[in-house]
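A.B. asks: The chain contents come next:
There are 4 protein chains.
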Amino acid sequence: MGRLIRERFSKDPDPFAEEFVASVEDDERLVPYDIEGSIAHARALSKAGLLNPKEAATVVRALRRIRREHEQGKWKLDATDEDVHMNVEKRLIQLAGRAGAKIHAGRSRNDQVALDLRLWTRDAIDSLLGRLSGLRKVLVRRARGTSDVICPGYTHLQRAQPVLFAHVLLSFHEMIVRDEGRLTDCRKRVDVSPLGAGALAGTSLRIDPRISAKALGLKGLFANSIDAVSDRDFAAEFVFACSLLQTHLSQIAENLILWSSSEFGFIELPDELCTSSSIMPQKKNADLVELVRAKSGRVVGDLVSLLTILKGLPAGYNRDLQETKPPLYDAAETAGASVQALTLAIKGLVVRKVVMEEAASGSEMLATDLAEYLTEKGMPFRDAHQAVARLMKRTATKGTSLADLTVAELKRASPVFEADVLSRITARESVRRRNSPGGTGISRVRQRLRQLSR
Amino acid sequence: MGRLIRERFSKDPDPFAEEFVASVEDDERLVPYDIEGSIAHARALSKAGLLNPKEAATVVRALRRIRREHEQGKWKLDATDEDVHMNVEKRLIQLAGRAGAKIHAGRSRNDQVALDLRLWTRDAIDSLLGRLSGLRKVLVRRARGTSDVICPGYTHLQRAQPVLFAHVLLSFHEMIVRDEGRLTDCRKRVDVSPLGAGALAGTSLRIDPRISAKALGLKGLFANSIDAVSDRDFAAEFVFACSLLQTHLSQIAENLILWSSSEFGFIELPDELCTSSSIMPQKKNADLVELVRAKSGRVVGDLVSLLTILKGLPAGYNRDLQETKPPLYDAAETAGASVQALTLAIKGLVVRKVVMEEAASGSEMLATDLAEYLTEKGMPFRDAHQAVARLMKRTATKGTSLADLTVAELKRASPVFEADVLSRITARESVRRRNSPGGTGISRVRQRLRQLSR
Amino acid sequence: MGRLIRERFSKDPDPFAEEFVASVEDDERLVPYDIEGSIAHARALSKAGLLNPKEAATVVRALRRIRREHEQGKWKLDATDEDVHMNVEKRLIQLAGRAGAKIHAGRSRNDQVALDLRLWTRDAIDSLLGRLSGLRKVLVRRARGTSDVICPGYTHLQRAQPVLFAHVLLSFHEMIVRDEGRLTDCRKRVDVSPLGAGALAGTSLRIDPRISAKALGLKGLFANSIDAVSDRDFAAEFVFACSLLQTHLSQIAENLILWSSSEFGFIELPDELCTSSSIMPQKKNADLVELVRAKSGRVVGDLVSLLTILKGLPAGYNRDLQETKPPLYDAAETAGASVQALTLAIKGLVVRKVVMEEAASGSEMLATDLAEYLTEKGMPFRDAHQAVARLMKRTATKGTSLADLTVAELKRASPVFEADVLSRITARESVRRRNSPGGTGISRVRQRLRQLSR
Amino acid sequence: MGRLIRERFSKDPDPFAEEFVASVEDDERLVPYDIEGSIAHARALSKAGLLNPKEAATVVRALRRIRREHEQGKWKLDATDEDVHMNVEKRLIQLAGRAGAKIHAGRSRNDQVALDLRLWTRDAIDSLLGRLSGLRKVLVRRARGTSDVICPGYTHLQRAQPVLFAHVLLSFHEMIVRDEGRLTDCRKRVDVSPLGAGALAGTSLRIDPRISAKALGLKGLFANSIDAVSDRDFAAEFVFACSLLQTHLSQIAENLILWSSSEFGFIELPDELCTSSSIMPQKKNADLVELVRAKSGRVVGDLVSLLTILKGLPAGYNRDLQETKPPLYDAAETAGASVQALTLAIKGLVVRKVVMEEAASGSEMLATDLAEYLTEKGMPFRDAHQAVARLMKRTATKGTSLADLTVAELKRASPVFEADVLSRITARESVRRRNSPGGTGISRVRQRLRQLSR
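Protein chains in written order, with my numbering: chain A, 1 to 454; chain B, 455 to 908; chain C, 909 to 1362; chain D, 1363 to 1816.
Some hints here could point you the wrong way.
To be verified - Think about it this way: if two alpha-carbon atoms lie no more than 27 Å apart in a straight line, the pair counts; the simulated DSS-like pairs of lysine-lysine are: (1) B:Lys465 <-> C:Lys1192; (2) A:Lys393 <-> C:Lys1261; (3) B:Lys738 <-> A:Lys188; (4) B:Lys738 <-> D:Lys1436.
By construction, these hints were calculated from the structure, which means they are not laboratory data.
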C-alpha cells in the first residue's frame, strides 16, 4: 500500500489489506505505458525548470533502463508497492537518486493511471482494428472463391429464398465494417491526455500539460481536471464496442456450427481446428467456434461490470475505478483472440457446394418469385401473394411441389400466369434476378466484391 | 398473427399465441414512421411503374388519412393483425382498394420494421441531444453564478483540495459533451435506409431503393440485404450511449444527494421537487434525484437485454429481433426524462456558500500546496511530500492544524520553508494558484465559462 | 407527490416532478395487496386499542368497498397522489372519515410497500409454480407417447449417440424440477412480514406486528426494522429464479427451432401456433418459440436492473427501491407467459418419427458401442477408443460406414472382435443397452416415466 | 487438443487453436477434484469387474501420487493435453500402464467436468459460509460493544429518526443471514453426482453410479444423463448468491465510506487498512472498502456472463460450457476476499460516539415521536402528522427547533399536547420507546444480541 507514501501513518499495512488493494498482477501490461508517460512528464518538468537538463537526461535514461529490465524479466512489480506507479517511481529513485525523486511533481497517480489506461487502450484498438481487417480480407477472399455457389437463405431458420453463399459471407463483412467504425469513433475519445490534472485540481506548479500530450502523440487535452481523473468513458465505450463485435462473432459462429452439423452439412472445418471426444471415437467437434460463441457472454459480462462499477460514484477519483481495469483488459484480449479464431475457421472451412445447392433447389423457396412474376404482370402484390399461398397449400396437400406444376395448373390458380413463368422456377434464375442494389443478384455481388477487393 | 397472410394455413391462430406474438401495444409509436416509410416506398414503386400516378396519389392520400386518424385516436392497432405493418396495410387496402394492395411489392416486413426503428431512433437521438443541450446550458449558467464559491474537492470521498464549485459543475458538463459525441457518432450509423432489402435477398422487381432513402432524408443505403434486415447494431449502440449517459446522471445525482444531506449541507433542493414522508412530518426527500440514480440500473438492464437477445442468432431475420424494441423504447424514454429531471434539480438548487466555504477552509487540504511550495524552492517532490506528511502527523497528534503553525515550526520540519509560505495556507490562494490548463484556478474557470457561453 | 403529506412545504409540486416520481401506472396490480395489508393492520390497531371495535369495522368495510370499486374499474390510482398507499389512504378517509385517518398509525409507506411487494411476489410464485407443473405434465405425456422413438443425441450439435426422444424431453423436465426447487426455496424468504418496521425504527405505539403477519398468513416476521424496509432480496432472488428458468426455456426453444428446420425435420409445429411471411407465401415460422428464446434476454436484463439499482445504496429506505418494481413485474409476467407458450408448443408438436429414426441410424454414432464392446472383453478403454477411431478413419477414407464392415475386417482392426459384435451395431440395440441409472436405456426411461406419472 | 484422442484426424492441431481451446490455466484448481473423482470412479469400475483388485489398487496409488506431485509443484497441466482430464489420464497411464488406460471406461469428460465443478463449488460454498459466519460474529461483537450509542437513522440519506448504532450493525447481520440461507439452499442442488452420465446417454457397461456418488459423499444422483452433462444451474445459482451477497457488501461499504468522511465523521478506520496519496500528504483513504463496493460490479458481470453463455444452447454438452468456469471461479474468490476485507474493516473501526450522538440530537428527528404522542392521546395519526408538520414549518421559518418549544406553544399547535410531552423530545427517550418487535428500542436490541450471542 505505497510504503513510500505512508509517512502520515503510525502503522504498517495489514498484509491481507495490502494484497487486497494491490493491482500489480494485471498491471504488468501497463509498465511500458507508465514509463512512456513518465518520460513525457520529465520533458514537461524540464521545460518548466523543475528538472535541469542533466537531471532530465538522468531520469529518462533510468526510465528506459527500467523498461529494458522489465522486458527482460529482470524487474517485476511488487505488491507491497501497491501499483505500477509506485513501483516505477521507487525503482527510478533507486537508479536516478535525487533527480528521480523529482518526477512526481505536478502529477498524481490519479492522472497517471488515467493516462496509462488511455495509452494501453489506444494500442488495443489499433491491434484489434488490424485483426478485423484481416478477418474482412479472409471473408472477401472466401466470398470471391465461392461467388457462384447458391445456398438457401433463411429467415426464422426456415428456408426463405435462394441466395449466393458469397452474399452470406459478405453480410458478415458488413457487421465488421460497423465494428471498425465504432472502434475508430471511440479512439478519438481515447486519444486525450489527462496528464496534468493532478489529484483532481491541476497544479500550482507552472507545468504545461500540452508538452507531455504532444510527446505522447495524444491529440486532445483534458478540459476539466476533476473530470479528467474520474472519466472512464473511454474504457466503457471500448468494451461496448468489443461486446457488440463479440455478439457479431457469436452470430457468425452460430452459423458455422449449424452449417457443420450433419443435418446441414454445408461446410466442413479442417481437422487441425477440431477436437474429438474422449469417449466417442467418431466425433469431430468445432470447439474453437463454440468458444467464440460463448465468449460473447464473457465480454457482455465485462461491460456490465464496468457500468455497474461506475454507477453512483461521487465526483473525483474513487478507488472503485481500479476495478474497471480487469474487464477492460479481458474484453480486449478476448475479442482479439476470438477474431483470430474465426479468421482461421473461415479461412480453412471447406464448402460443400453440392450439398448447399441441393438444399437450395427446393421450389417452395421460389414462391416469392412467382408472386413477383404476377406483380410484374400488374396484379397487386397482396393478391399475388395470396394466389401463390393457395397454390402452396394445394401442392403441400398433394405432396407435390411448385416445380411439378404445369402451365395449365398454374393458370388455374391465376390466369395471369403464362408459359414464360416456367423459366423462373429455378434457384439460379431467382438469384440472378434479385439484382436490386444490395441484393443477392449475381452481378450485384460480383460488383460488390470488386469494390471490396480494391 | 397476420390474418391477411394466412392463406397457406388450414387453421386459425390460437388466441393465446396471437396475443403472445403480437407487438402492437408498444408499437403505436411506430405508426407515423411506418406511414412515412410507406409513402416513400410508394414513390419508389411509382418510379418503377408498379403504381401508376393515379394509384400513387390514392395511396399517399390514404396513408396520410391513416396518420390523421391515428393522431386523433380514431384508429388504433389491433393485435389480431399482429403488428404495425399489417395493420397499416390492411387499413390502406380498406381505404385505397386495389392500389393499396400494391404497396407491399418489393418490400417485406423485415426491411420495413428495420426502417421504422431507424427513423424512430433518429428522432429519439435528436430529441435527447436537444435535452442534453438544455442541461449543459443550465450547468454553465449555474457555474457562472457560483464562480467565486469555493468548496472541498474530494477523492475517495475524503476532502482533498479546495476547488471552485463551478469547476465541479463543469466536470459534469464535460461528461455530457462526451455523451453528445457518442450520440452524434451513433446517429451516422442509424441514418441508413434498409428499405429494399426485402425479406433478406432484395427483389427481382426493378425498384430503386435510393429513391425511398432520399425521400426519407436518410444519408446511407444498405450494402447487403441479409445484413440490412437483421442489423440491430444501431439500437444496441444507442442504448449503450443512453446507458453511459444514465451512469453519468447517476453520478451527478449521487453528488446532489450527498450535498443535500444534513452532514454536507452544501445545497438545498426546492420544495416543489421534494417529497415528504407519510410518517415523519419533518422529512424533505430528494426522491426525484434518487430515481435518476436508480434508473441507471434500468437502462443498463435494457442494454443487457438487447445484447443477450442478439447473441448467437443465425443469419437472416429471426423473430427474436422483435424483443429488441421494448429496451430500445425504454432506454430512450428513461434517459430523456432523467435528463429533464436533473436539469430541473440543478436549475433549482440553492447553493449554501457559507457552508461550502467553511468546509473548504480546513488547512489539512492545503498539504499539497505546502509540498508544491517546497518543490518550487527546489526540493524533490517526493521529499517534500514526506516532509509535509510528517508535519501532518505531528499536528494530528497534537490536535492542531497546519494553519496554526508558525514559520519557526515549519522551518523545523524543513529549512526550506520561509515566511512567504504563510500566505499560501488559505483555500482561496490555493484555488487561485491551480491555474494550469484544465485546473480549478479562478481565472482558468472563468476563461472556460467564457468559451462555453459563446 | 403525496399532497396529503405536504404540510411542511410552502410550494406545490412541480408537475413534471410529480409525474416523474409517481409510481401509479404499474402499481394498479398492488391495490388488492395494499388493501389486504391495511385490513390486517386495522386488526393490529384494534387489538392495540388504537381503533375501537366500531372504527375497526368501519375501516374494514370501507377498504373492502375500495377493493370492489377498483375491481369494477370505478376507482383508479391518481398520479397526483403519488402511489398506491396515499391513494388508498385518501379514499379510505373519504369513505371512513376520522376512523380512516387513524389507519397510518405505527406504519409507514416504507414497510407498507415492502409488504405489498411480498404479498404480490408470493402470489406470483404460486402462479408460476402452477404453470410449471402444467409444463411438466405435458412433457411427461409427450414422452410417454413417444417412448419408442429413437433420435440422434447430440453433443456440440454433432450427432453423438442414439437416444430416445422421450429421454430428451425428460431432460427438459429435470430443468423445470430444479426451477421449481429454487422458486420454493425463494418463497420461504418472501413469506415474511415487514409490517411494523415503520419508517425504519419500529414504533413507540404498542402495536404487535405478529397480529398482522398472522392475519396475512405470512410465516415469518422481520427481525430488524432497518433491514425490513430496505430488503429487496426477495425480489432479486425471484427474478434470478425467473432468469434461470427463462434461460432453460430459451434452450428448449432453440431445440424446437432446430428440429422444425427443413434440415432437421424432426418435428412440425401446428399451424395455429405459426405465422407466415408478408412477402414469402410458402413460409411457416415458429415466431412463438423464437420469442420465448429472445425473452431470456429480457429477464436477464430485469435481473441486472435490479442488482444494479441495489448496488451501493446506504442503509435505510431510498427511493431507488421504487425502480425495483418494474423488473419484478416484468420478469414474473414474461416467465409466466413463456411457460404457457412452450407448453402449447410441446403439446401441439407433431413428431416425425421416420425422420428421426433415419437420422439416428448412422452407424458412426455406434462407435462408442464398439469401444465398450471391446472394453467388456477386457481391452483397456483408451486402447479400445483408439482402435475404433482408427477404424472410423479408415471407413471415412473409403466412404463406407461401420455397418458395412464384416467380422473379418473388424478382426483386422482388433482380434478381440467376434461375430456377436454385429448384433450390437444398430441404434435400437445401442439404446436398449444404455440402461445404467439415468441413462437412455428403454426400460430405464419407462421406469422413470412410471415414477413421474404417479 | 487432446492428442491422446486424435486418432481419427489426419492433421495435428493448429497451435493457436490448441491454445485458444485449452482450459488448463484456470483449471489447476480442479486437479484435486478430478483425482478424487477418478478414485471414486475406480471404485465403481472395480465393483463392476472392469478393474481387478490389483489394477484398482495400482490406479488409486498412482492417482494419489499425481495429487502429491501436483501439490508439490512437480507436475503441472500442459495446454497441449487440452484440459485437466486428459492431463490426469495421460499421467495416470504413464504411472499405472494398462490399468491406467482402463480408467475412462463408462465415463466421459462431459460428466467428469460436471463432477469436478460440483465438488469445487461445494467446497467454495463451505468456505464462504465459514467466512460469513466470521463476519456475523464480528458484527454481533461490535454491536454488543456499542449497544448504548445513538446515531441518526436515515431514509433517503436524510436524518429520519434516532436509532442505536448497534441496530444498524444488526441490519447488516440480517442481510448476511439471508445470504447464508441462499447458499445453503444452493448447496443441496450442487450436492448431486453426474458421474455415470457418460457423454450424454449413460453407458452400456454395468457400472453403478451410486458407488462413486457415495464415495464422494454426494447426496444426490442425476436422474437424466442428457441433463446431467449440460446442467450448469448450480454454477449460475451459486454465482447469483455471490452477486446478491456482494451487493450487500457494497451497501455496507457505502455506509463505511460515508461514515468515514469528514462530513459524517462517525467512524475512523485503522491506519493499517488505509492508504495515502502520492501527491496529497494529508490523505487517509479507505481504498479497501471502496474496492469491496466496486467488486459488486465484478460479480454481477460474472453472473451476466454465465447466463448469457447458457442462453439458447441446444441440448447436450456444448463447448460453450467451458466458459462458465472463469466467472464461477472469479465470483467465489471475489466474494470470499471481500467478506474478509469487510470483516477486518468492521473489526477495526473506531466508533466516534460523541459525533454520532451530537448528530442524533437534532430535535427535528423527533417529529414522529410527537405525532405518535398525539396518536396515543386519541388523535387520528394523519391529523397528528399534519399538526406536527405545521409545527415543523413554523419552527423552520423562525430558525428555531422543536426542542425550543414551550408547552404553551405546543398547545397552540394542538390542545392535545400536555406537559408530559417535553420528556419525549430527546433522542434517548425516542430510542427507548421504539420497543416494538424488530424495532430499535434499547431492550429489544439487547434481547436480540443475547439471542445471537448464544
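A.B. asks: Each hint: holds or not?
C.D. replies: How the hints compare with the structure:
no. : hint                   : verdict
1   : B:Lys465 <-> C:Lys1192 : 12 Å, holds
2   : A:Lys393 <-> C:Lys1261 : 23 Å, holds
3   : B:Lys738 <-> A:Lys188  : 44 Å, violated
4   : B:Lys738 <-> D:Lys1436 : 66 Å, violated
Going down the numbered hints, you'll see the structure goes against 3, 4, while the others check out.
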